[in-house]
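Residue numbers (the numbering used here), protein chains in the order written: chain F, 870 to 937; chain B, 158 to 380.
By construction, these hints were calculated from the structure, which means they are not laboratory data.
Each residue gets a CB set at the ideal place from its N, CA and C atoms; glycine is no exception.
One or more of the hints may lead you astray.
Unchecked claim - For lysine-lysine, the following DSS-like pairs were computed, each having C-alpha atoms within a straight-line distance of at most 25 Å:
(1) K193(B) with K225(B)
(2) K189(B) with K880(F)
(3) K880(F) with K225(B)
(4) K225(B) with K349(B)
(5) K193(B) with K880(F)
(6) K219(B) with K880(F)
Said to hold, decoys possible - Covered, in the sense of this in silico footprint (three residues per stretch, anywhere, with C-beta under 8 Å from a C-beta of chain F), are these stretches of chain B:
(7) 309-318
(8) 358-370
To be verified - DEER-style ranges, computed between Cβ atoms:
(9) G247(B) with V902(F): 37 to 45 Å
(10) C914(F) with G247(B): 37 to 45 Å
(11) V890(F) with V271(B): 53 to 61 Å
(12) K193(B) with E907(F): 18 to 26 Å
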Amino acid sequence: MAEMPAIEREKCNGCGLCISVCHCSALVLVDDVITVIETEECSWCTQCEAVCPTGAISCPFEIVVDER
Amino acid sequence: MAVQVEFLKSIPYFSGLSPAELDSITELMFEKTAEKGDIILLEGESAEALYFVVSGAVKVFKTSAEGKEQILNIVRPGESFNDVPIFDGGANPASAQAMGPVVLYGIKKSGLEVILGDHPQVASNVIRVLSQRVRHLVSLVEDLSFRHVTGRVAKILLEHTDDETGPRPRLTQQEMAAMAGTAREVVGRSLKALEEEGAIRLDRHRIVISDKQALRDMVEAFS
Numbered sequence: 870m871a872e873m874p875a876i877e878r879e880k881c882n883g884c885g886l887c888i889s890v891c892h893c894s895a896l897v898l899v900d901d902v903i904t905v906i907e908t909e910e911c912s913w914c915t916q917c918e919a920v921c922p923t924g925a926i927s928c929p930f931e932i933v934v935d936e937r
Numbered sequence: 158m159a160v161q162v163e164f165l166k167s168i169p170y171f172s173g174l175s176p177a178e179l180d181s182i183t184e185l186m187f188e189k190t191a192e193k194g195d196i197i198l199l200e201g202e203s204a205e206a207l208y209f210v211v212s213g214a215v216k217v218f219k220t221s222a223e224g225k226e227q228i229l230n231i232v233r234p235g236e237s238f239n240d241v242p243i244f245d246g247g248a249n250p251a252s253a254q255a256m257g258p259v260v261l262y263g264i265k266k267s268g269l270e271v272i273l274g275d276h277p278q279v280a281s282n283v284i285r286v287l288s289q290r291v292r293h294l295v296s297l298v299e300d301l302s303f304r305h306v307t308g309r310v311a312k313i314l315l316e317h318t319d320d321e322t323g324p325r326p327r328l329t330q331q332e333m334a335a336m337a338g339t340a341r342e343v344v345g346r347s348l349k350a351l352e353e354e355g356a357i358r359l360d361r362h363r364i365v366i367s368d369k370q371a372l373r374d375m376v377e378a379f380s
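All chains should be built: construct the whole structure from the sequences, respecting the hints.
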């Protein structure tokens, strides 16, 4: 299962800015609230998080050490 | 749910107390839960209680008049926040927000006064905890005053990898920016610079530290 950006539905104002910047069509508006479609194409560019005016989208990073 | 004695044993505040003493303390504490994004404390408001994080993570931060956020600390299980106003009687010096679902144990000033009166050991524990807090804040002032942003981001990455004490909360670029005292965009540029130097690799939602020593060198280089 592909990890996807997290949405806080109650914060979304349905402006659609995130859809406009998404490179992989992973975001759609359903009933005026943003919804994520799971896709391997999402490169975690974090642009949706950057443009969201209400802080409804977050793209958190896990920080790990490569032990090889 | 009742406050668990087992958990209190792991809190530095109550180190060295007997099970019976810890049991008496549980009666002065209360449980509070919060969901991701909930504001637990607001800067400037009067202080009601100090809190210990039982599970989850809490962000303690200041906000400027322009809305810019500066994270002072990310509080993890076993650690406390809002200690200062409980001891000095002032307002909350910073706001606190749940970074995910959190469970907290709270204690009011009156309850803490009872504990300090009954268990002098707690007073020396508190001195140790507050001294560590001052050390952390001095380090933050040093970072904000003298360290280049790329070095600050490198330091944040080194300090937020999972270790033997357990997993660290995930961080967004916005949160890293708030910790480094800079703009989100600057963090993005810094991550790219660290990747170009070969210190890290951006692997979708993972920041993989591929050369820990190189990252440490970046911290020093940008000091």
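Sort out which numbered hints this structure fails and list those numbers smallest first.
none
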